[in-house]
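Following the hints, complete the assembly by docking chain B onto the known chain A.
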Amino acid sequence: MAGITTHVLNTVTGQPGSGMRIDFSVLDGDTWHLVKSVRTNSDGRTDEMILKPEETRVGQYELLFHVDEYFARQGVALPDPPFIEKVPVRFAVFDPKQHYHVPMLATSWSCATYRGS
Amino acid sequence: MKIDSFNRRNFLAAGSLLSAAALIPNRAGAAVAGPTAIAQSATPPAVPQVAAPPGRLTFHGIDTYHGATIGTLRVDISMLEGGSYRLVKSFNTAMNGRSDGALFEGATFKPGRYEMVMHVGDYYEALGTKLPTPTFISRVPLRFGVADARERYHIAVLFGPWSYSYYRGS
Numbered sequence: 001m002a003g004i005t006t007h008v009l010n011t012v013t014g015q016p017g018s019g020m021r022i023d024f025s026v027l028d029g030d031t032w033h034l035v036k037s038v039r040t041n042s043d044g045r046t047d048e049m050i051l052k053p054e055e056t057r058v059g060q061y062e063l064l065f066h067v068d069e070y071f072a073r074q075g076v077a078l079p080d081p082p083f084i085e086k087v088p089v090r091f092a093v094f095d096p097k098q099h100y101h102v103p104m105l106a107t108s109w110s111c112a113t114y115r116g117s
Numbered sequence: 001m002k003i004d005s006f007n008r009r010n011f012l013a014a015g016s017l018l019s020a021a022a023l024i025p026n027r028a029g030a031a032v033a034g035p036t037a038i039a040q041s042a043t044p045p046a047v048p049q050v051a052a053p054p055g056r057l058t059f060h061g062i063d064t065y066h067g068a069t070i071g072t073l074r075v076d077i078s079m080l081e082g083g084s085y086r087l088v089k090s091f092n093t094a095m096n097g098r099s100d101g102a103l104f105e106g107a108t109f110k111p112g113r114y115e116m117v118m119h120v121g122d123y124y125e126a127l128g129t130k131l132p133t134p135t136f137i138s139r140v141p142l143r144f145g146v147a148d149a150r151e152r153y154h155i156a157v158l159f160g161p162w163s164y165s166y167y168r169g170s
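Chains A and B, in that order, give the protein sequences.
Just so we're aligned, residue 1 is where the first sequence starts under the working numbering, counting upward by one.
Just so we're aligned, residue 1 is where the second sequence starts under the working numbering, counting upward by one.
Note that these hints are calculated values from the structure, not bench results.
Do not take every clue at face value.
For lysine-lysine, the following DSSO-like pairs were computed, each having C-alpha atoms within a straight-line distance of at most 27 Å [to be verified]:
(1) A:86 with B:110
(2) A:86 with B:89
(3) A:36 with A:97
Only chain A is shown next, with the shape it has when bound in the complex (with noise of 0.2 Å):
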């Protein structure tokens, strides 16, 4: 399977975050061209992937986690602003044959991301 996804963790709880907002962007040039909004489902995965095979490109991707919205939800006091807020994660396609699953573990002081499969 080639193509991006992603799949959130909240790892204060150990759960999935579920619900979360992903803003999903390509490097046009110089300017990032928002592709589309996206929130996670009780799995913390999205019910489709957020870049088909078909439609992936070598190119710059930018998935913009909306994490203080999220722990807000969930009754989390945060600072103002909070310290963890929307986390730009940019990564790059250099083969479109391959998968590129890039997930996002947060908390709202610390999040990590890496190429998963």
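Only chain B this time, still in chain A's reference frame:
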């Protein structure tokens, strides 16, 4: 405010010791030392001399691929102003991926929304690390908010060619 209340407790504790000391006859018959001298000698050495720690911003990026930050990492710091991030400082990491002292401190450290862009792609290219083109991650934006610039904000980052994480360190 925590510091103030600590000082207050400390002062009250010293005060009660002072009162106790005043009741003990001076064996040498010498004049009783003034309150200041007694307060100093009555303060246990373990109690820290509390001074307000200045707010400051520091950075430490660790290359977990090589096990140490063996090259120089460039970092651009921007602040959000009127809807866009404006560059306020660029620096190269010094020893072991750390910033050379505080990036901002005291009055120069402002609350707000920050972005540090780490030039990870250039870092690995300079080290000759074999990676695909374009590299999976190249310029890594680390965004964070500073709510209280009187506090210390240490941005700790673990990075490699395929992953990174950051957190508020100390």
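Here is how each hint holds up against the structure:
About 20 Å separates the Cα atoms of residue 86 of chain A and residue 110 of chain B, which keeps this hinted pair within 27 Å; it holds. Simply put, residue 86 of chain A and residue 89 of chain B have alpha-carbon atoms about 22 Å apart, close enough for the 27 Å limit, and the pair holds. Restraint check for residue 36 of chain A and residue 97 of chain A: the C-alpha separation of about 22 Å stays at or below 27 Å, so the hint holds.
Figure legend: structure checked against the earlier numbered hints; every hint is met.
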